[in-house]
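Undergrad: Heads up: the sequence lines are chains A and B, in that order. Positions in the first sequence are counted from 1; adding 8 to them yields my numbering. Positions in the second sequence are counted from 1; adding 8 to them yields my numbering.
Rather than coming from a laboratory, the hints here were simulated on the basis of the structure. We put the CB at the ideal spot given by N, CA and C, even for glycine. Some hints here could point you the wrong way.
Said to hold, decoys possible - Partial list, derived from the structure: chain B residues whose beta carbon lies under 10 angstroms from chain A: (1) G51; (2) G133; (3) E258.
Number of protein chains: 2
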Amino acid sequence: MCELLAMSANTPTDLCFSFAGLRRRGGDAGPHSDGWGVAFYEGHGVRVFHDPAASARSRIAEVVENHPIKSEVAVCHIRQANVGSVSLENTHPFVRELRGRYWTFAHNGQVPGFRARAGAHEPVGQTDSEHLFCDLLNRVRDELAPDPAPATLRQTLVAAATEYAQQGVCNLLVSNGEWLFTFCSTRMVAITRRAPFGPARLRDADVTVDFAAETTPQDVVSVIATEPLTANEDWDRYAPGEWRFWYAGEVIDRGCVSVPDLAHPDPDTAPANEN
Amino acid sequence: MCELLAMSANTPTDLCFSFAGLRRRGGDAGPHSDGWGVAFYEGHGVRVFHDPAASARSRIAEVVENHPIKSEVAVCHIRQANVGSVSLENTHPFVRELRGRYWTFAHNGQVPGFRARAGAHEPVGQTDSEHLFCDLLNRVRDELAPDPAPATLRQTLVAAATEYAQQGVCNLLVSNGEWLFTFCSTRMVAITRRAPFGPARLRDADVTVDFAAETTPQDVVSVIATEPLTANEDWDRYAPGEWRFWYAGEVIDRGCVSVPDLAHPDPDTAPANEN
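Take these sequences, add in the hints, and give me the full structure.
TA: Structural data, given as structure tokens:
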């Protein structure tokens, strides 16, 4: 299994604490040693770090953990490879420009043999994940006029994710820097932190942070992940098929669709690893 | 003036030495304090670092300088802003996927008021540079079938760059990770290092490297920059209008077109700064 991590906040916030926990699962507390990547939005710009090395031992991951980069939306992924070689071009999150905004995409799961529809966006690497992303972008381009109504765009994204989840395991993070779309096919959790803030303790490292000392009473910061990152907080688990759109730390739209029950696939027929 | 830096090599090579010199011109030995960026290709993948902070004081630039990232093609830029705010989305090099390859683009100069033709690629930020890049990509998409003959692709790139240079100052670095296209409108220099390798001493920092100790006799490494980076080597100066295609450290095609003489523009009418 790969692991996903995303943040949506109403004020520029760093991801250091959550990233410190997640990166230890990349070759240290966990087996996801086939690369990692993170995208931090700043305005319409996006700063992306990709490394095909294990995050637990990556020098660049060390800098990302210790060098606060403040962002309102961040998307992160650590990889345990199945489809596609361990290489830079197969390292999530993928980034593409669509109609003047950078979109980012990270996928946990496997949609075997999936191929993107033809269009302006084509995969560079070999993963089914990047094919899913290109398909999604080509679909938005085909089906929607520029600057669609937010509800229309959300409908298209949910419809696409639902289709993908019918064909395999498809936990998704998608953002254009403004909103964050999260889709749970099998596993996803979230937490929203707001005043009164308290301390949080990582599950994967001996690190505690007192958010009260780092925030203002107006801050709202949500973190979405594959599994809870802290040991002393209540994370809210998505149902299979559940999707949520986040904006400025809050859920602005949500729903649930029917997806195949793939949470505990037959180990004899299901791939052991995922992208 | 911004400063450009690129590398083409026949074996994965780090850019640490050249980058150490260039980054000091970003707010230390030079005035280019409005951000910097670098793209390192690894196979079909590309690793990009962008920072709107001055490279001389950037923590991430420090890591890039001291953490060897080996690449056969790299494209780097440090910025002194004129058009467009100092922000992440205006920081070169720009990256876009075109037909399954990542293209990168860095520009030194100014093409006032330039607007990209309509097409699949649209600018995210406000610079004329990003408009030039999108125009180039849309042009390739419009005029060429997928997988064009290399000579045909080169012809299209040279024709586009010539057009841009008729409208302003346009020193360009463009790559798809395989070839590197360099176009000189006013200022560009290059050096090719091959056996027997010797020592090189930076102009902007008290750093000397002995390439003989770091290379094999088969290595060919070329560096292209706005101005020479070392004090004890002979850099080859491009003529205005000169273009060169590099592959594996060697020039595989070159030529010269007619461009307006903008090397010493009238300071009363020309912009003092460039993108």
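Undergrad: Decide, hint by hint, whether the structure agrees.
TA: Do the hints match the structure? See the list:
no.	hint	in the structure
1	G51	holds, 6 angstroms
2	G133	holds, 7 angstroms
3	E258	violated, 24 angstroms
When each numbered hint is compared with the structure, a violation occurs for hint 3 only.
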